[in-house]
Structure formats: C-alpha cells, structure tokens
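**Student:** Take a look at the letters that make up each chain.
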Amino acid sequence: MEPSTGEMTRRKFMSAAIASIGGLISAALGLPAIAYIISPALKKQVEDWVRLGAINKVELGTPTLFKTSIERQTGWITDQEEISAYVLTEDGQNYIAMSNICTHLGCRARWIEEQAQFFCPCHNGVFSKDGSVVSGPPPRPLDRFETKVEDGTLFIRKG
Amino acid sequence: MLTRLGDWLDERFGWRKVWASIFLRKIPHVNWAYTLGSATLFVAVLQIVTGILLTIYYVPTPDHAYDSVVYITTQVAAGWFIRGLHHWGASAMVILTVLHMLRTFFYGAYKFPREVTWSTGVILLLIVIGFGFTGYLLPWDQKAYWATTVGTEIAGVAPGIGPWIIRVARGGEELSAVTLARFFGAHVWVLPAALLTLLAVHLYLVIRIGITAAPKRDE
Numbered sequence: 005m006e007p008s009t010g011e012m013t014r015r016k017f018m019s020a021a022i023a024s025i026g027g028l029i030s031a032a033l034g035l036p037a038i039a040y041i042i043s044p045a046l047k048k049q050v051e052d053w054v055r056l057g058a059i060n061k062v063e064l065g066t067p068t069l070f071k072t073s074i075e076r077q078t079g080w081i082t083d084q085e086e087i088s089a090y091v092l093t094e095d096g097q098n099y100i101a102m103s104n105i106c107t108h109l110g111c112r113a114r115w116i117e118e119q120a121q122f123f124c125p126c127h128n129g130v131f132s133k134d135g136s137v138v139s140g141p142p143p144r145p146l147d148r149f150e151t152k153v154e155d156g157t158l159f160i161r162k163g
Numbered sequence: 004m005l006t007r008l009g010d011w012l013d014e015r016f017g018w019r020k021v022w023a024s025i026f027l028r029k030i031p032h033v034n035w036a037y038t039l040g041s042a043t044l045f046v047a048v049l050q051i052v053t054g055i056l057l058t059i060y061y062v063p064t065p066d067h068a069y070d071s072v073v074y075i076t077t078q079v080a081a082g083w084f085i086r087g088l089h090h091w092g093a094s095a096m097v098i099l100t101v102l103h104m105l106r107t108f109f110y111g112a113y114k115f116p117r118e119v120t121w122s123t124g125v126i127l128l129l130i131v132i133g134f135g136f137t138g139y140l141l142p143w144d145q146k147a148y149w150a151t152t153v154g155t156e157i158a159g160v161a162p163g164i165g166p167w168i169i170r171v172a173r174g175g176e177e178l179s180a181v182t183l184a185r186f187f188g189a190h191v192w193v194l195p196a197a198l199l200t201l202l203a204v205h206l207y208l209v210i211r212i213g214i215t216a217a218p219k220r221d222e
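Protein chains in written order, with the numbering used here: chain A, 5 to 163; chain B, 4 to 222.
If you are wondering where the hints come from, they were derived from the structure by calculation, not from laboratory data. Treat the hints with care, since some could be wrong.
[As the list claims (entries may be wrong)] Simulated restraints on C-beta separations: (1) Val73/B to Ala32/A: 22 to 32 Å; (2) Val101/B to Met12/A: 36 to 46 Å; (3) Gly174/B to Glu51/A: 39 to 49 Å; (4) Asp66/B to Ser73/A: 13 to 23 Å; (5) Gly174/B to Arg14/A: 26 to 36 Å; (6) Pro44/A to Gly174/B: 49 to 59 Å; (7) Arg14/A to Lys146/B: 42 to 52 Å; (8) Gly163/B to Ala32/A: 46 to 56 Å.
Idealized CB from N, CA, C, for every residue including glycine.
Work out the full structure, taking the sequences as your base and the hints as a guide.
**Tutor:** See below:
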C-alpha cells in the first residue's frame, strides 16, 4: 500500500484512469442493458373497440356471456386472444360490460344462474350481478369495459 | 468506513492477498502485444454478458428463431446494440484469440514451464471456433441455414466416420428443429461450461507462473 499523501503519483493516476474507463464501459453497456430488459414492459397496447355481438342477445336483468377473439401482437407472435365479457342490462338501454377475470388473483369467474351470483372457483370469491363483491377475498368489483352500441351491435373497449 | 468494511471482509476472505497476487504481481518489461490475452478476456466477458441478454428474447425453434431475432433488433430498446456487440464481438474473439496465440508462439512463450498454459489455450481456441460455428446458425436465416449445411457437410468428408459425424451434428439426415436446438444447447451450455473451466486453469497458470519476458536477440 502507498503512503497516502495528497500528491498525484503515477500509480494513483493509473488507478484513477482504469477506474474511470472501466466505469465508462460499464455504463455504456449497463444502461442499454437495463433499457433492453424493461422495454417490452413499458410498451402500451393500443386498445381498440372490440365488436362483441348483437344487443338483442342480451337477456334483460341477467348477465349474458359474450365471447370473441381479437388478434394481438405479443412479442414476435401474432395471437388470437379470447375476450370474454358479461353484459348486463336492466332496461335495454344502458349496458354494462364486465370482465370475467376475478379481481383477486386472475381466475375466471362465472355466472351461477341458481344463486344469481358470480362465483370464482379458485378462492370462493363471490360477486353480485352488477359485479360488486359479495364475499370472499376479491379486493374490488369486477372490472368494467367501456361500451357503445352501433346499429344494434355492442362494442367494448378496455377502460 | 469503507476501509473498515474491507478489513472486516479481509479477515474472513483474505481478499487483499488474492487481489495483490492477481493485479499487483510483478511483470517483466513487455510490449503491447502482451495485452492481447487481456483483450481476449475482455471480449469474452462482453460476449457472456450480451449473450445472456440475448437469451432473454431469443427462442431456438424454427418457427420462432428468426422472428425473435428480428424482434430483438427492431422492437426491443437497445436490442440492435446488444445484438450488434455480440455479432461483432464473435469475430473479434476469433481474431484476438488467434493473434494472442501467434504472439505466444513467436515469443516462444509456450515452452517450459508453460506447456499446460499453451495446451489449454489451444483447446480454448477450438472452443471459440465452436462458439462461432454454433452461434452462426442461431438467427435461422438463409445465410445461417446454408452456412451450417455446408459446414456440417465439410465435416462429412472425414474418412470412414464422416457420414456419422454429419448425422450426429445435425441430429438426423438434414438440418431441422433438432439441429437448431442442439446448436443452441451447445452454444449456451456446453461450450460456456468448457470455456469457463479451461479459462480458470489458463488464468491460474498465468498468475502462478507469471508471464514471459520478451526474448532477447542472443537467446
């Protein structure tokens, strides 16, 4: 070890030079590496209106399940993604569309006709017909889609 | 504070002694040609880092390999940069390893007591070439496909066992999903394991024996 004086010695200069060049190279590789790893996570999917089906298929006062599939680009793969939504109308004028994805841990909830409730089999989450939580672990009501009706056809969009 | 932490760790690890024998060892008066080994090591580390990063997106199957490579190059942030480093680094590896070997050869540095350093180095050169050959197939584009067709075909002219070598290298009669998968496995598991093992021996010997001085005219 060198005696530590304030003077710049040849050895100190070399150490400092090596450390700064090394730091520069590490940063030049490290920063792009971080961007490289997280970049797909930051990509926002452009949400479009999805055609769900004819409104006259919706039963009055009962959540009706609609299924459709959309083309989605995930990474380098173009995939068909299944979209399911329960549509409820009380008056035939106003529609609410709910996702069937349980807000607890992402299992699929389904409408049980006899109990007139949504039930999620994973952890016994129960939702009422407008999606609010009745019992079980779900932290919030079922997620809703934006809806619009055009020429008797129902469209939804992720909010 | 930092010194105290260093002392605490040194009491347990003895890292200062290790540090000193790696970085503060005495070396004879040498020239720039003696940095070729370190340059090779630097690029090797670069290849390991960028290679690990590439496996985050790359998929070694015929239906996804090319698309995932295009995805890396065009969609992922800095993907072109990481892949570019790996691509050019591969050529740099071969060139630097060969130059490093030539320096060792022409300075007679392979002689006693460095024969084992030399022979591990020779195997390391073969491993580097193996990396180049297996890595070339992975983008699964036309160049990759036909280069590997030709490359494995060349191995097939070996007398007697040639056809057998082709079949083993390709995992069958022709290039297929099996070929791509085994080249990938070789490229990211088999060869790196071999490289790191031999590199450890190689570097240990460099540090233990020390490097040669440049030979004098009358030697």
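**Student:** Hints first: check each against the structure and report whether it holds.
**Tutor:** Checked hints:
Between Val73/B and Ala32/A the beta carbons are some 25 Å apart, a value that agrees with the proposed interval 22 to 32 Å. Taking the beta carbon of each, Val101/B and Met12/A are about 39 Å apart, inside 36 to 46 Å as hinted. Remark: the range hint 39 to 49 Å for Gly174/B to Glu51/A is upheld by a beta-carbon distance near 44 Å. Remark: the range hint 13 to 23 Å for Asp66/B to Ser73/A is upheld by a beta-carbon distance near 21 Å.
Judged by the Cβ atoms, the range 26 to 36 Å given for Gly174/B and Arg14/A is violated: they are separated by roughly 57 Å. Under the hint 49 to 59 Å, the C-beta atoms of Pro44/A and Gly174/B, about 32 Å apart, miss the expected range. A hinted range of 42 to 52 Å holds for the C-beta pair Arg14/A and Lys146/B, which are about 50 Å apart. Checking the proposed 46 to 56 Å range against Gly163/B and Ala32/A shows it holds: the Cβ atoms sit about 51 Å from each other.
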